[in-house]
Amino acid sequence: DAKTTQPTSMDCAEGRAANLPCNHSTISGNEYVYWYRQIHSQGPQYIIHGLKNNETNEMASLIITEDRKSSTLILPHATLRDTAVYYCIGLVSGTYKYIFGTGTRLKVLA
Amino acid sequence: SAVISQKPSRDICQRGTSLTIQCQVDSQVTMMFWYRQQPGQSLTLIATANQGSEATYESGFVIDKFPISRPNLTFSTLTVSNMSPEDSSIYLCSVEDRDYGYTFGSGTRLTVV
Numbered sequence: 113d114a115k116t117t118q119p120t121s122m123d124c125a126e127g128r129a130a131n132l133p134c135n136h137s138t139i140s141g142n143e144y145v146y147w148y149r150q151i152h153s154q155g156p157q158y159i160i161h162g163l164k165n166n167e168t169n170e171m172a173s174l175i176i177t178e179d180r181k182s183s184t185l186i187l188p189h190a191t192l193r194d195t196a197v198y199y200c201i202g203l204v205s206g207t208y209k210y211i212f213g214t215g216t217r218l219k220v221l222a
Numbered sequence: 012s013a014v015i016s017q018k019p020s021r022d023i024c025q026r027g028t029s030l031t032i033q034c035q036v037d038s039q040v041t042m043m044f045w046y047r048q049q050p051g052q053s054l055t056l057i058a059t060a061n062q063g064s065e066a067t068y069e070s071g072f073v074i075d076k077f078p079i080s081r082p083n084l085t086f087s088t089l090t091v092s093n094m095s096p097e098d099s100s101i102y103l104c105s106v107e108d109r110d111y112g113y114t115f116g117s118g119t120r121l122t123v124v
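Protein chains in written order, with this note's numbering: chain A, 113 to 222; chain B, 12 to 124.
Any given hint could be a false lead.
[Said to hold, decoys possible] In silico DSSO-like cross-links for lysine-lysine, where the CA-CA straight-line distance does not exceed 30 Å:
(1) A:115 with A:164
(2) A:181 with A:209
(3) A:209 with A:115
(4) B:18 with B:76
(5) B:76 with A:115
(6) A:209 with A:219
(7) A:209 with A:164
(8) A:209 with B:18
(9) B:76 with A:164
[What the hints assert, rightly or not] Simulated restraints on C-beta separations:
(10) A:191 with B:124: 36 to 44 Å
(11) B:51 with A:164: 32 to 40 Å
(12) B:39 with A:154: 36 to 44 Å
(13) A:222 with B:63: 49 to 57 Å
(14) A:211 with B:12: 39 to 47 Å
(15) A:175 with B:39: 13 to 21 Å
(16) B:76 with A:137: 31 to 39 Å
(17) A:193 with B:14: 19 to 27 Å
These are calculated hints, taken from the structure and not from any lab test. Just so it is clear, CB atoms sit at the ideal spot from N, CA and C, and this is done for glycine as well.
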């Protein structure tokens, strides 16, 4: 599984877009990029995942670079409830083993 | 997505005792996973539990310390045995959820005194 690197922490103003980067330079061709977030004292919550195309759902957008060595999670209009630790994880298709990195602690400011 | 019920949500235990954590899923799943999250740290996979076979443990985790049961396709237990303060963590179960990656329970916050 790809080792992922994320900034330790970020701040974002409420109502603005939060752009969370992730480097996964060792990602393999069949390895998906998953994003989860963990709000204090809760279990991780799935946000979005992708292989090589950009993805969008009701929570966020995922932009994956063409070489797949990095990706960005975009929360288009951050709210205070988006304050959490965000994890970027690589997962090979057909396998199950998540390797959680340290994640990015996002703080949304009023 | 799958719904996971994990019990207890928190407990304070005496050192040397054992605690069994239960994980119930609202649908049948092949594999269930147990994670540990130490204070201020990220999640670490303890073991994978398949119904009808022994759990597979990750490096650094052993069956004598963390015995796991998987009696059917919707239920699993993790026991933390002979506890010490170093076992104080959040323990989470997780299942594969076809359209939503992996779903996690809300966790069991364990404090050993």
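Subject >> Numbered hints the structure breaks, given as an ascending list >> reply: Per hint list: 9, 12, 14 and 15 violated.
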